[in-house]
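**Q** Based on the sequences and whatever the hints tell you, model everything.
If you read the protein sequences in the order shown, they are chains A and B.
Each residue of the first sequence is one higher than the one before, counting from 40 in my numbering.
Each residue of the second sequence is one higher than the one before, counting from 171 in my numbering.
Honestly, the hints are just simulated from the structure, not real lab data.
Among the hints, erroneous ones may be present.
Computed list of lysine-lysine pairs in DSS-like fashion (alpha-carbon distance at most 30 Å, straight line) [to be verified]:
#1 388/B with 216/B
#2 82/A with 564/B
#3 547/B with 115/A
#4 113/A with 560/B
#5 560/B with 82/A
#6 547/B with 45/A
Every beta carbon over 12 Å from chain B, so not counted as near; a handful from chain A, in silico [what the hints assert, rightly or not]:
#7 63
#8 82
#9 86
#10 90
#11 110
#12 118
#13 119
#14 126
#15 130
#16 131
#17 158
#18 161
#19 165
#20 170
#21 171
Glycine included, every Cβ here is placed at the ideal spot set by N, Cα and C.
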Amino acid sequence: MLYSEKVMEHFAAPHNVGEIENADGIGEVGNEKCGDIMKMYLKINAGIIEDVKFKTFGCGAAIATSSIATEMIKGKSIEEALKLSNKAVVESLEGLPPAKIHCSVLAEQAVKTAIADYYRRQGVDPVPIVGVIQDHCDGQCTIDN
Amino acid sequence: MSNIIYLDNAATTRISPAAREAMEPYLDSLYGNASSLYSLGRESAKALLTSRRSIAEALNCDPREIYFTSGGSEANNWAIKGTARLMEKQGKRHIISSEFEHHAVLHVLQSLEKNGFEVTYLPVYEKGAVRVADLEKAIRPDSALVTIMHVNNEIGTIQPVSDIGAVCKERGILFHSDAVQALGNVPIDIQKLNADFLSLSGHKIHAVKGVGALYISKKIRFAPYIEGGAQESGLRAGTENIAGIAGFAKAAQEAADGVEEKNAKLLPLCDKLYRGIMKLEKVHLNGCYEQRVVNNLNFSFEGIEGESLLLMLDMAGICCSSGSACTSSSLDPSHVLLALGLPHEVAHGSLRISMSRYTTEAEIDRLLEVLPGVVGKLRAMSPLWENIMKNERK
Numbered sequence: 040m041l042y043s044e045k046v047m048e049h050f051a052a053p054h055n056v057g058e059i060e061n062a063d064g065i066g067e068v069g070n071e072k073c074g075d076i077m078k079m080y081l082k083i084n085a086g087i088i089e090d091v092k093f094k095t096f097g098c099g100a101a102i103a104t105s106s107i108a109t110e111m112i113k114g115k116s117i118e119e120a121l122k123l124s125n126k127a128v129v130e131s132l133e134g135l136p137p138a139k140i141h142c143s144v145l146a147e148q149a150v151k152t153a154i155a156d157y158y159r160r161q162g163v164d165p166v167p168i169v170g171v172i173q174d175h176c177d178g179q180c181t182i183d184n
Numbered sequence: 171m172s173n174i175i176y177l178d179n180a181a182t183t184r185i186s187p188a189a190r191e192a193m194e195p196y197l198d199s200l201y202g203n204a205s206s207l208y209s210l211g212r213e214s215a216k217a218l219l220t221s222r223r224s225i226a227e228a229l230n231c232d233p234r235e236i237y238f239t240s241g242g243s244e245a246n247n248w249a250i251k252g253t254a255r256l257m258e259k260q261g262k263r264h265i266i267s268s269e270f271e272h273h274a275v276l277h278v279l280q281s282l283e284k285n286g287f288e289v290t291y292l293p294v295y296e297k298g299a300v301r302v303a304d305l306e307k308a309i310r311p312d313s314a315l316v317t318i319m320h321v322n323n324e325i326g327t328i329q330p331v332s333d334i335g336a337v338c339k340e341r342g343i344l345f346h347s348d349a350v351q352a353l354g355n356v357p358i359d360i361q362k363l364n365a366d367f368l369s370l371s372g373h374k375i376h377a378v379k380g381v382g383a384l385y386i387s388k389k390i391r392f393a394p395y396i397e398g399g400a401q402e403s404g405l406r407a408g409t410e411n412i413a414g415i416a417g418f419a420k421a422a423q424e425a426a427d428g429v430e431e432k433n434a435k436l437l438p439l440c441d442k443l444y445r446g447i448m449k450l451e452k453v454h455l456n457g458c459y460e461q462r463v464v465n466n467l468n469f470s471f472e473g474i475e476g477e478s479l480l481l482m483l484d485m486a487g488i489c490c491s492s493g494s495a496c497t498s499s500s501l502d503p504s505h506v507l508l509a510l511g512l513p514h515e516v517a518h519g520s521l522r523i524s525m526s527r528y529t530t531e532a533e534i535d536r537l538l539e540v541l542p543g544v545v546g547k548l549r550a551m552s553p554l555w556e557n558i559m560k561n562e563r564k
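**A** See below:
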């Protein structure tokens, strides 16, 4: 198993690590049984993601996908952030080993879960906007990518 | 790569100068096939004979009981499948093993289970050792084989193999032990073990990869495992890896002769490592401290994941290993750590440090200098750690 230089770059010096006090939206995905948990914090102003921070428990790929996903949505509108796909995360990292693709899915879901939380706090039902976020990690460790 | 601090000797080891020297003639001018009759072939046959003798001497058995293989996995496959084939003719289709064997044993047993065998996996408890009383309870009239490793590869705990061997002998059950991690770390005397089969590997004891051996007691009559030529008494066909075997024999001799010296050297390092790492908060030693080989320590660090830990240590030039799922293609953490009763999230955060006779105190000091920073950095970005600390404050 070999990580790309880009993955190692983001793992060695991850961007946007931390928490945001009084965040407008927080999303946590994954579970400890599978060994990956991502927690994402958003600061949103007038529909723009002004700041984003993350905390991740997981492997090198989990940390790198969290880092690059935060970079990819920072300063973007909510609409643009919702378009972030796990495929785009993988491409930006110059590829991921097959067993690690699930980390990119977690990153996409962390962003969506945090945005859904933002809408919920605004009193808006997030489902028509964000869609239903499937729990990717069911704790059974049977996913096959 | 000269500045690498290599602390993954349970995975593989560097070649010893003497083993390398023993190989050289057979890589160079003495390239004959040991089955050929002319002098060049006879040189190879001679090397095979002396190698077999020195391994037999190291283990205290007859040279005719040593069969060279491609390594430990093949030896395990051969011993278990060979016994299964032999014993099912007598209607014996029950095998006793442990929950934390190497995959080269577990996967063979699982495939036998699909073919009508029943396997009892003895628990290893928190301390990482099987109990002889459990073994005695598990024995049935149709028990064919007991296969229990001598030293666990992930956590380094020593199993009560002599007692197991004695029980097996008394009850008339064949006994196999995967001793790949034992050779060079504990004294091995096959006569005292009462083992019928013992698996060994070269590259764990400073020989090259791709060579190992299976001890098969002379009372056993196996059918050929690999059919073809008459090599290895007709049981394992294929032209012998003379250079590898010559190096393995030298390395085995060094390993067996050097057990005491090595352990005397590593004991203070093991102790220093243990005390140094246990100073960190929320860290556990996996398996008990007493019944273990001194070259292997395995810890779990709460709140962090093993692969990240490995990668960060690698960036500091230190090679270690982890039982984390992320270092393999499956998402499940190590079956060994789960067998100890560790929760998944703790099993994910494990680190195995395994030393060799070449390990220096300066290398251990460097690890102890780097590790707290790496653990701290990963915990600072871990949401799991945040929760652990919150619960602590409650």
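**Q** A separate judgement is required for each hint: does it hold in the structure or not?
**A** Verification of the supplied hints:
1. Distance hint between residue 388/B and residue 216/B is fulfilled; the C-alpha atoms sit about 22 Å from each other, no more than 30 Å.
2. Pair hint residue 82/A plus residue 564/B holds up; C-alpha atoms about 29 Å apart against a cutoff of 30 Å.
3. A hinted pair counts as satisfied when its Cα atoms are at most 30 Å apart, and residue 547/B with residue 115/A qualifies at roughly 29 Å.
4. The straight-line distance between the Cα atoms of residue 113/A and residue 560/B is roughly 29 Å, inside the 30 Å bound, and the hint therefore holds.
5. The hinted pair formed by residue 560/B and residue 82/A meets the criterion: a straight-line CA distance of about 24 Å does not exceed 30 Å.
6. With a C-alpha separation of about 20 Å, the suggested pairing of residue 547/B with residue 45/A holds against the 30 Å cut-off.
7. The Cβ of residue 63/A lies farther than 12 Å from every Cβ of chain B, with a closest approach of about 18 Å, so its non-interface assignment holds.
8. With a least CB separation of 18 Å from chain B, residue 82/A remains clear of the 12 Å interface cut-off, as annotated.
9. Interface exclusion of residue 86/A from chain B stands, the closest Cβ pair being 27 Å apart, more than 12 Å.
10. At the 12 Å boundary, the C-beta of residue 90/A stays outside the reach of chain B, the nearest C-beta of that chain being 17 Å off.
11. The non-interface label for residue 110/A is consistent with chain B: the shortest C-beta to C-beta separation is roughly 15 Å, beyond 12 Å.
12. Non-interface call for residue 118/A relative to chain B: holds, since the shortest CB-CB distance, roughly 27 Å, exceeds 12 Å.
13. No beta-carbon of chain B comes within 12 Å of the beta-carbon of residue 119/A; the shortest separation is about 25 Å.
14. Listed as a non-interface residue, residue 126/A keeps its Cβ farther than 12 Å from every Cβ of chain B; the least gap is roughly 21 Å.
15. For residue 130/A, the condition that its CB be more than 12 Å from all CB atoms of chain B holds, with the nearest at approximately 21 Å.
16. The claim that residue 131/A is not at the interface with chain B holds, since no C-beta of that chain comes within 12 Å of its own (minimum 19 Å).
17. Look at residue 158/A: its CB is around 22 Å from the nearest CB on chain B, clear of 12 Å, so calling it non-interface holds up.
18. The claim that residue 161/A lies off the interface holds: its Cβ sits roughly 24 Å from the closest Cβ of chain B, which is beyond the 12 Å cut-off.
19. With a minimum CB-CB distance of about 21 Å to chain B, residue 165/A clears the 12 Å threshold, and the non-interface call stands.
20. At the 12 Å boundary, the C-beta of residue 170/A stays outside the reach of chain B, the nearest C-beta of that chain being 24 Å off.
21. The beta carbon of residue 171/A is kept farther than 12 Å from every beta carbon of chain B, the shortest such distance being approximately 23 Å.
Going through the hint list in order, the structure satisfies each hint without exception.
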